[in-house]
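Peer 1: Line by line, the protein sequences give chains G and D. Quick note: the first sequence uses my numbering, first residue 581, plus one each step. Quick note: the second sequence uses my numbering, first residue 581, plus one each step.
In short, the hints are calculated from the structure, not lab data. Incorrect hints may appear among the rest.
[Said to hold, decoys possible] Under the rule of at most 30 Å between Cα atoms (straight-line distance), these lysine-lysine pairs were calculated in the DSS-like manner:
(1) D:Lys-718 with G:Lys-603
(2) D:Lys-727 with G:Lys-727
(3) D:Lys-648 with G:Lys-630
(4) D:Lys-606 with G:Lys-718
(5) D:Lys-695 with G:Lys-727
(6) G:Lys-603 with G:Lys-648
(7) D:Lys-648 with D:Lys-603
(8) D:Lys-630 with D:Lys-727
Number of protein chains: 2
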Amino acid sequence: MSVPNDGLNMELKPIGVIHSPYKDRKECPPQGREEICEIEMFDEYAEGLKDIDGFSHLILIYWLHQGKDFSLLVETPWNSELHGVFATRSPNRPNPFGFSVVELLARSGNRLRVKGLDALEGTPLLDIKPYLQEIDAKVNVRTGWVKGTDFSKVYGKSIRESKHVQ
Amino acid sequence: MSVPNDGLNMELKPIGVIHSPYKDRKECPPQGREEICEIEMFDEYAEGLKDIDGFSHLILIYWLHQGKDFSLLVETPWNSELHGVFATRSPNRPNPFGFSVVELLARSGNRLRVKGLDALEGTPLLDIKPYLQEIDAKVNVRTGWVKGTDFSKVYGKSIRESKHVQ
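Chain G with its partners taken away, still in its complex shape (with noise of 0.2 Å):
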């Protein structure tokens, strides 16, 4: 069938820059983080961010400009299988969406502290959403090749530390 977006305008419109305490891929472990990282909302946007201060976790969507080329099946650091690539959350994929569930630790004007965000410095920041745990946290999850993965075999921390899993 036809691609459904014949005559729609899917243009991206970058929100704001991450700025972020790693520079590239290179020095970005492939883990959670503790870091802080700031988000600058540009000028044009900022009035889009009023009330925001009274959520505590924010869900970010950012375009990862620092990845490589796709492949539907892709090896993780977690094992030496092949993974479909929308089994997995590799950077490289069709559409290079970032996407973090962040703490929102402080406002200043246009720019925001926040921490756990797995993104390099210079992302281009694409959307921002209240995180609402009535309806996005989801429990009793089956977490498929996952399961039973030994993360601490590769980074010496567990799962629940690991932020970005590939």
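Using the hints, position chain D against chain G.
Peer 2: This is chain D only, laid out in the frame that chain G set:
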């Protein structure tokens, strides 16, 4: 500062299309729903679904193709105040991304039957990620202006049942 995508190719690739019982926004309550939707992956991306069957829940990112122009301050069905668009789940956003964590019921080849998806018929799908409770589910969340909103007054359902809190 300059927009960070100078020289970047941020072109979106629809990877599939969502089939939903709802045909347009008028039919579609801003509510959670228990209807079953079907995701049709385009053939050229189907291989990327390998191993997806093992996951009970998936993160879906899609393009809200029937959205209107965005405003930075928006009114929601929940109260009469204006909120910053990034402190709401309004579909009318600078980048009109839909986001849902859905339950995967069944897979048949390049088709996925899912529950809990807030999208209209024909919605272009942009990404699928496995939902990992350990990193994606947050607890002890503050929900700002949403907290204390009496959703039952508007729709007779609790927020716990609500999927689409604008």
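Peer 1: None of the hints should be skipped; say for each whether it holds.
Peer 2: Here is how each hint holds up against the structure:
1. Taking the CA atoms of Lys-718 of chain D and Lys-603 of chain G, the gap is near 27 Å; set against the 30 Å cutoff, the hint holds.
2. Proximity of Lys-727 of chain D to Lys-727 of chain G is assessed by CA-CA distance (about 34 Å); at most 30 Å being required, the pair is judged violated.
3. Distance hint between Lys-648 of chain D and Lys-630 of chain G is fulfilled; the C-alpha atoms sit about 20 Å from each other, no more than 30 Å.
4. Straight-line distance between C-alpha atoms of Lys-606 of chain D and Lys-718 of chain G comes to about 28 Å, which keeps the hinted pair within the 30 Å bound.
5. Annotation: proposed proximity of Lys-695 of chain D to Lys-727 of chain G holds, straight-line Cα distance about 22 Å (limit 30 Å).
6. Restraint check for Lys-603 of chain G and Lys-648 of chain G: the C-alpha separation of about 16 Å stays at or below 30 Å, so the hint holds.
7. Only pairs whose Cα atoms come within 30 Å are accepted, and Lys-648 of chain D paired with Lys-603 of chain D is accepted, the gap being roughly 16 Å.
8. In summary, the hint linking Lys-630 of chain D to Lys-727 of chain D is not supported, as the alpha carbons are separated by about 40 Å, beyond the 30 Å threshold.
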